[in-house]
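Counting from 1 along the sequence shown, just add 25 to a position and that's the residue number in this note's numbering.
Hints are computed from structural coordinates only; laboratory data are not their basis. Be careful, since some hints might not be right.
[Stated by the list, open to error] Ranges between beta-carbon positions, derived for each pair:
1. Gln438 with Glu415: 17 to 27 Å
2. Gly282 with Lys513: 14 to 24 Å
3. Gln438 with Trp658: 28 to 38 Å
4. Pro510 with Thr761: 40 to 50 Å
5. His221 with Val293: 47 to 57 Å
6. Tyr44 with Val293: 44 to 54 Å
[What the hints assert, rightly or not] Taking lysine-lysine pairs in the DSS-like style, the calculated list, with each CA pair at most 25 Å apart, reads:
7. Lys676 with Lys657
8. Lys163 with Lys75
9. Lys231 with Lys104
10. Lys201 with Lys104
11. Lys657 with Lys275
Every residue, glycine too, gets a C-beta built ideally from N, C-alpha and C.
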Amino acid sequence: METDKSTDLDFVYDDADNYTNEIAELYSYSEQSELQVNLNAFEEQMELYKLIPWWQNISETQQKSAIYKLLDQLEVSNKLLRMKAARCFLYLAQGCWAEVQSDVEQQEWTRKNVMLLYEAGVFSAFVELLNIEIMNSKRAASAMRKISVSLDDSTDLRVILSVLYIMTEVMREEMKSLDNSIYKDNVESFKEDLIHPYGGDLLIVKLLGMVTFFCSGAAPHFPMKKVLLLLWKLILVSLGGIDTLRELKKQYREEAGLETIQEDTLEVAKTMRPSSPPVSATDLIETQNQKKFQNHRSYRRFLMKQSSLDEPGLGMEYEGGEMGNNSTNNDGEGEPAVFVNNSSWGQLGTYCQNENNQPPPRPDTPQLLKGKGLPWTPKVRQKDVDSFLEASRLKFVGYNLVGDRQSLAGLPQPILEGVDTLKRHMYISLAEVQIQKEEQMLRNPISTPRFPIRQTPTEIVYHAILPFVPQYMIALLKILLAAAPTSKTKTDSTNIMADVLPGQMPMTVFQSMKLGIDVNRHKEIIVKAVSAILLLLLKHFKLNHIYQFEFMSQHLVFANCIPLVLKFLNQNILAYIETKNIIPLFDFPVCVIGERPDGPMENFEIGDHVPYSWRNVFSCINLLRILNKLTKWKHSRIMMLVVFKSAPILKRTLKVRHAMMQLYVLKLLKMQTRYLGRQWRKTNMKTISAIYAKVRHRLNDDWAYGNDLEARPWDFQVDECVLRSCVDRFNNLRYTNIPKDKDMEPVDNSVTSVLGVNVDLSDEFKQHYELWLQQEVFQRSIKWDELLDPAACEI
């Protein structure tokens, strides 16, 4: 990796890109012609309502009146009239771009109009309109199967999704300054509406269902880019982003009685400087040996020169002389002993003090930096403390005290200091507390009451998607695979180009180049959205309850998420993050505001002034974080990284000079280092040194020295099975009413309630009821004395 500081990326990781770029990525370059259609529909409706066609020139009362009239038109049975009204709403949500002179003015009118639309109930009306279009699409898909789909097949859905997306993105932008916003009530009401079902289902569940339906091949015309972008922003608004996760973690840890002051990974990573892996220990030894060799040769030449000037018999005898035996010095390094006469010492000191006679240091020799330390506070788990105590007791006392973490009798003072150090750095995670509570309730189901379920937005979303999590995860990964730049096009692969390919293929070179850039841009945006969706769901589920996180994680692993992410990273990452699939003059709203120069493709600037693509760096970091989430503390999944030969792929990713990205790569390398063998560590000492310098250390963790070469993936499958049973038990007890253990269910011993239960009698029994009385009641002799005798009852 180059050490030129000019190549450092100034990328700042956040929930999303800036508002302008996020809105521009909603539209493909192929659908720019539809913007004029929206304007024409709006002007026709304004003339029909006998209003001035310019939205800015009418009063707010007239604006609200027009909105309510358009809402009424959304409910008519004629689809053409419905969609014309929908296009009018889209034009308003786009900020009435035909009436403004700058993008700043367009953004301000978008904000005003979106708030008016939300107050009038337009958002919920468009959700219902989306339900109608989905149902119509399913009916049409079952009746007709098109071989190829294009932009024309998703026109109505794209209009509806665009209105919903713009309103969601404006609300999300308003949340950043919520305390000073005049629309604070609207934003809070919008967040509450998102976690309440529209038409029986959450909007998030509807969109996930659209993704699954699309991947099944039943609706290939669904505009997946807009669906995924809307899904991502809905999760950001309803569940929260980085700041919300940080606040929730602090709140939940405080409620659990845990320490709340913790180092935040993202904040610490921002303070770290990206750099190439530091000089390894092997290079340091080589440098020292070379310096010794150079000094030794200079020293030898000096002594030989002096021996020719001194008197005979007073000179040095060296190598081959009488005193030239290669005896070993006190340090045991096997260097030859050197003998000099007294007259040589003063001349030797004069020679060594001359700076011109000193060998030049190697340029890559690291300099000692004073006042520097590791960026992380070391941690240790309770499990590690228990293991240390167990091993120490067996060694020094001869027996172990199971479950005893306090008794330290018989242990020497260094061990006591070690235990004290471990306890001072012990970190108890929120997941460990949640697991302990579940185990306690499992051991004592009657005496331990179940803690109440908090109806948080995350809990509501998890409960809603629980039955379909496997299908949702498979569908999202299928789309990620289809959008990956390393994937090869196959006949059975998912076609994600339905909302970017025009009905008529390009006829000129300019159109072909524009479409090529649009297709690549389309794929990048999809990868960005899918990676953000998966990461947000994993983060929120883990914070809400660890078993919710493990449920989703296992289905991602079963759907081959780990090899898929490695396949994505197995490319020229530097070229990927520097790719500029963007034409600024074709981005919204620049493409419709002001005059655009005409001419060949050479006259249009491709790319922007930033030396990297924000969305591509964002996607790579998200995928690395997902990989870390799936594999942390999971030995079988770490072995998957080893089996799929992820080490060289991850090492190439270190070429990107960004601290946060390097941090997550080094974390993945650290967890599998012990399984890669001694030879790998020997030849990758620079990477080992980088891990030491950048990644948090776990006390008494021998990650850099452990030799687990005999470990195999199947050795850890038991852990996955145990985890799966715990997750299933958690879901069954919490989200279903079916008792799994009948022996633990209470028995009804009341005669009144038992006899009062209505029993459905079959027609056959009713026909032969008298015969049953004769055989089972009248003809049977009952020994009432034995039945009422307490001794007989005990028998």
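Here is what the structure says about each hint:
1. Gln438 with Glu415: 17 to 27 Å: Holds, at about 19 Å.
2. Gly282 with Lys513: 14 to 24 Å: Since the Cβ atoms of Gly282 and Lys513 sit about 53 Å apart, the hinted range of 14 to 24 Å is violated.
3. Gln438 with Trp658: 28 to 38 Å: 32 Å, holds
4. Pro510 with Thr761: 40 to 50 Å: 42 Å Cβ-Cβ, so the 40 to 50 Å window holds.
5. His221 with Val293: 47 to 57 Å: 38 Å, violated
6. Tyr44 with Val293: 44 to 54 Å: 28 Å, violated
7. Lys676 with Lys657: Answer holds: Lys676 to Lys657 is near 19 Å, not above 25 Å.
8. Lys163 with Lys75: 38 Å, violated
9. Lys231 with Lys104: With Cα atoms ~22 Å apart, Lys231 and Lys104 stay inside 25 Å; holds.
10. Lys201 with Lys104: The given pair, whose Cα atoms are some 38 Å apart, is violated under the 25 Å limit.
11. Lys657 with Lys275: 21 Å, holds
Violated hints, listed in ascending order, are 2, 5, 6, 8, 10; each of the other numbered hints is respected by the structure.
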